[in-house]
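Engineer: Residue numbers (the working numbering), protein chains in the order written: chain A, 1 to 186; chain B, 1001 to 1180.
Just so you know, these hints were derived from the structure itself, not from any lab. Quick caveat, the model's predicted, so the values are computed rather than measured. Treat the hints loosely; a few may be bogus.
Here are some, though not all, of the chain A residues that point toward chain B, as calculated from beta-carbon distances under 8 Å [what the hints assert, rightly or not]:
#, residue
1, Val91
2, His92
3, Gly93
4, Glu155
5, Val156
6, Arg157
7, Ile162
8, Leu173
Far from chain B, some chain A residues (derived; all Cβ distances over 12 Å) [what the hints assert, rightly or not]:
#, residue
9, Leu47
10, Thr141
11, Arg158
Beta carbons are placed, not taken as given, at the ideal position from N, Cα and C, and that holds for glycine.
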Amino acid sequence: MNHNSLFEGQLVCLAPFDPDKDAETEARWTHNTDYMRQTFFEPLRPLSVAQVKKKYEEAHKKEERNFRFAIRTRADDRLIGFVALEWIEWVHGVARFQFGIAEAADRGQGYGAEAVRLMLNYSFNELNLYRLAASVGSYNTGAIRFLERLGFQQEVRRREAIQRDGQYWDDVLYALLRDEWKPTAG
Amino acid sequence: MLLTGSLTRLVALEADQDAELHARWSRDVEFFHLFNFGPARGATAKQAREWLERDADDPNTFVFTILTQDGGKRIGLTDLSVLPRWQDAYLGIGIGERDYWGKGYGTEAVRLVAQFGFAELNLHRITLSVFEFNTRAIRSYEKVGFVVEGRSRQLIQRAGRRWDSITMGLLRSDWKNHGY
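Isolated chain A, as found in the complex (with noise of 0.2 Å):
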C-alpha cells in the first residue's frame, strides 16, 4: 500500500483550495460560460473573487458532508479544475461526485481521468464509501463517454429536467458501485 499516491498522480496531484491563491482563477472560470454549463446545472453566474472566498467559508462549514480538491498541474503548480463529493451519506456510504477542468486547452491531455481516478480511489480506499453517483445534462456527451469508460452505469433519465437554449434536456444520472470500480479505467 502507497499512502503517498493518494494525492499524487503522474500528470497532476489533488490539494485542498488556497483562498489567497485560487480564488481569482475560479472567479475567472465562472465567467467561462462553456465550462460553467457544462459542468453545473445551476444557471451560470459569474462571481467575483470576493464572492468566491465567501464561498470557500460557506464549504468550511459543511466539510463533515463535502470534500473538495484543486486539480494541479505537477509540471507547473497551476490549477486547473476541481473534483468534488458532496451529499455524503455515511449511513449508507453514498455520495455525489462532481468534477471539472475549466479551460478547453486543459482537455483531453489526461489531467481529468487522472485527477477523477485519484478521486474514486480515495473515494472508496480512504473514505470507504460504496457508491458514487454523477448526474450529467444529456447534452453533454463528452462526459457521458468518460463516465461510461470509468465504468459508471447509467440509472435513472429524468426527463425534461433541464431548460437551455429554449430546449428541454434530461438529468441523466450515472453510478458506480465499489465493486464495479476497476482503479485504471478512464
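We have chain A; now place chain B onto it with these hints.
Structural biologist: Quick look at chain B alone, frame taken from chain A:
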C-alpha cells in the same frame, strides 16, 4: 377546486397542532423508514416544530397537512420542494396515521399536490423517489400517472442488505393526459 378532493384536503401547517403529531410519527420507525434516507432518531415536539416552521418559512417549499374531509383529522403531510429555475420540484408525502393506509387517502393527496404544482406553480415536471420495498407507494404514484425514470442501485443499507431507490417523474404533458 385546488387543494380539495373527495377524501382529503390540503391545508397549511399549524405548528401548535402538527408538532406533537410529527414527533409521534417520527418514533414510528417503520413509517419513518418508508420515506427517510437518513437514520431514524426520533424527534421531540420542539424539534419537530423547528423543522415544520423552517419548511413553512422557505419560499421554495410548499408543505401541507393532509386533513380528512370527513371529520378534519390530521393524517399526514405532503410537500413540494421547488427548484424554481427549472420549473421542477421534488414531491414528498407521508401518511403518519396508520388507520388511513391503503384506502386511497395518500393517492388523492399526491394527486392534489401534483395538481397544485402544475396548475398554480406552473411546473414543467415533478420528481419523486421511493425505496423499492415501498410497493404500496409505487402503485399509488403510478395511479396518479408518475412514470419510472430509473433505479439508483443499492442506494441504502437497511436491515442487513442494500436496497434500490426508484426515481419517478410526472411531466406536465403526462398530467394533462391523465384526465384532470
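Engineer: With reference to the structure, classify each hint as holding or not holding.
Structural biologist: Structure-based check of all given hints:
The interface hint given for A:Val91 holds, since its Cβ lies 5 Å from the closest Cβ of chain B, which is under the 8 Å cut-off. Among the interface hints, the one on A:His92 holds; its C-beta lies about 5 Å from the nearest C-beta in chain B, closer than the 8 Å criterion. Hint status for A:Gly93 relative to chain B: holds, with the closest Cβ pair at about 7 Å, below 8 Å. A cut of 8 Å between beta carbons decides the hint on A:Glu155: the least distance to chain B is about 5 Å, and the hint holds.
Taking 8 Å as the C-beta contact cut-off toward chain B, the hint placing A:Val156 at the interface holds, the least distance being around 3 Å. Hint status for A:Arg157: holds, given a least beta-carbon distance of 6 Å to chain B, under 8 Å. Taking 8 Å as the C-beta contact cut-off toward chain B, the hint placing A:Ile162 at the interface holds, the least distance being around 7 Å. The criterion of a C-beta within 8 Å of any C-beta in chain B is met by A:Leu173, whose closest approach is roughly 7 Å, and the hint holds.
Against the 12 Å criterion, A:Leu47 stays outside the reach of chain B, whose nearest CB is about 17 Å from its own CB. No Cβ of chain B approaches the Cβ of A:Thr141 within 12 Å, the least distance being about 19 Å, so the stated non-interface status holds. Its beta-carbon lying about 6 Å from the closest one in chain B, A:Arg158 breaks the requirement of being farther than 12 Å from that chain.
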